[in-house]
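Q: The primary structure of each chain is shown beneath.
Number of protein chains: 2
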Amino acid sequence: MARGKKRVTIVDIAKLCGVSAKTVSRVLNGEPHVTDKIRDQVLATAKELKYQPNVVAQGLVSRRSYLIGLIYEKPSPSYVVDLQKGALERLHGERYRLIVLPVESVASDSEAVVKLLQATAVDGVLLAPPASDDSLILTELDELHIPFARISPTRLPEFGPSVAIDDIAAASEIAEHLIGLGHRRIGIIKGDATHAATEARLLGYAQAMARHGIPLNLDFVESGLFSFESGHDAALRLLKRPVRPTAILAQNDDMAAGAIAAARSLGIEVPRDLSVAGFDDSDIARVVWPALTTVRQPVEAMAHQAMDMLLATLAGDAPGPSAVHGHILQLRQSTAAPAST
Amino acid sequence: MARGKKRVTIVDIAKLCGVSAKTVSRVLNGEPHVTDKIRDQVLATAKELKYQPNVVAQGLVSRRSYLIGLIYEKPSPSYVVDLQKGALERLHGERYRLIVLPVESVASDSEAVVKLLQATAVDGVLLAPPASDDSLILTELDELHIPFARISPTRLPEFGPSVAIDDIAAASEIAEHLIGLGHRRIGIIKGDATHAATEARLLGYAQAMARHGIPLNLDFVESGLFSFESGHDAALRLLKRPVRPTAILAQNDDMAAGAIAAARSLGIEVPRDLSVAGFDDSDIARVVWPALTTVRQPVEAMAHQAMDMLLATLAGDAPGPSAVHGHILQLRQSTAAPAST
DNA sequence: TAGCAATTGTCCTTCGTTGTCAATTTCCGA
DNA sequence: TCGGAAATTGACAACGAAGGACAATTGCTA
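Heads up: the protein sequence lines correspond to chains A and B, in order. Once you know that position 58 of the first sequence is 58 in this note's numbering, the rest is easy, because the numbers rise by one and skip nothing. All you need for this note's numbering is the position in the second sequence, starting with 1, plus 1000.
Since the hints were made in silico from the structure, they are not lab data. Honestly, I wouldn't trust all of these hints.
With a Cα cut of at most 16 Å, we get these calculated EDC-like pairs of lysine to aspartate or glutamate [stated by the list, open to error]: (1) B:K1115 to B:E1143; (2) A:K50 to B:E1140; (3) A:K50 to B:E1143; (4) B:K1050 to A:E111.
Small disclaimer: the values here were computed from a predicted structure and weren't measured.
With the sequences and hints as input, model every part of the structure.
A: Pasting the structure below:
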């Protein structure tokens, strides 16, 4: 009860300055019709008393909570941290604050996600994959008039502004890199099927193969869950095929790291006997050995811009068109020309 | 403006049920003095209208924001994620929400941290290192009557409840492990000096050395910043000494991974020519090769309990005594007996 | 000094929920 | 069936800031 102690209110300042609360309010809100003398005096005492406007009270009148939610589903830690960093960066100096809302599984219970958002009373939401592709969530948010910005969606472009990279082109590019090195038997480890990026990256890979007339071999397509362990297991399956691939393209770095571990456990040396490429350029890419060739996704910048769009929407402005950020092929030591043909 | 649309309020329910708002309030809060008939009716309509209490309005009356801040300073991603996971886990089902507040540097501007907390209007704070050891922050929070719980503090036990592991014992244990393998020249890479755990872990190392009569060699003490790169550089310095250590104990896993990379760049094989041990058992420990021998710190459980203490304090109950969680020595492949004596 | 404009103050309302206290109903025993 | 206690229900203010309406005061200029 006695927790919240006596905070300084507008009335306190008014009493101390011998002016009305209304005047103080006018000063603090930068309204005209106040003499400089009083303005200065009020500002001074406000500073002295360390007055902080009560966001809760302001929120009640303005019907806002000044909270922005960030929805994501257990991705790799470095992705989460980059996401948060980018979002918070843009939030710096704003009245809005960031609430993190990791969810177990978007796909299995979209309703719960929407309920969570309602209960949390956020003013807006940043949707990371796979929530950014979930039509039920998008529809519900639209109906509830909760503004949102989407990060890396691959479908449903009609649902508001988004920030993404061209997953297809990026996957295609890294596949081209492997093909360019001379690889023809290129295995791919897909990510979680509930992430739409999984299909896009597979498509990019398929396109690159097709461009070079390399037939798609379903024996070289395996599935993981974006985790180190799942990548390890998927790579093991690929490497135990009668004819094994000379290169493996994993749809994220964690799985690529798993693939390297799997190769090592089989006595296959990377990159001499097997090239491994990842995706995302997360922390892990520089830490494993050999360091991963991967595609750099500017997650932080993307989150920053998504937040920018969201804030624009919240301010009643146009959020600007959806943006496609550039990706960068990061060549490191995990890929090389195949040893034998 | 037209953002927040018409939410369902208590008054709406009251009108529909033909009772007073107060009665509805009583029902929703599980207060007595309501007949079952009215209670059922109110509950039914509330459900039908999908009523969600307005946290902001509740907060105004109760003088709370129902926000809990989590302060940390750019540690490794997996630590942050575990921290958040543990905290959120405990928060599940509570009215409180979690605001993440990463700060650039606690040490350089403690005042800014306190200001941030005030501006954000949090009801309570979870302090991760190094904020949990910052006496200025602790003092100010006490003065402002903002309750807090501390994670892994090593000093100032008089400042309220905390959750930690025994850093000294843990460091001592892992050092003993190396000594037990036969190592005598054991280098240590310290972490950021602003983290109090840095000193504690150094102390544990020193104690273990002393117990076995091994003199402390300052040439074997290097400093890093808890990052991969800093660990890499510090290890390089250690390994270029005229007499180089046969084992390196890094104060966290990121730096240990850096040390492995440094060794590899010098053609030193781990663990044959050099043992490397880490600290924390973060994701990275399983991903690098050889996998890291390290000390598992149950970060998630610690954050969970810290949140529990904080919620108790917020509810006006005693938070319970400070807790020391157990650590676990994780033996993996990065440590082995030294090759030659 | 009248006249006018610019200040400053008073008072009330809004936001949604909850605490206080008074009014009403119900119920029991006589 | 009535008194009286107990339980139920309702009316209203409060929380802190914002803002509208309008009155009262000040200062300035012609």
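Q: Decide, hint by hint, whether the structure agrees.
A: Here is what the structure says about each hint:
no., hint, result
1, B:K1115 to B:E1143, "13 Å, holds"
2, A:K50 to B:E1140, "13 Å, holds"
3, A:K50 to B:E1143, "14 Å, holds"
4, B:K1050 to A:E111, "13 Å, holds"
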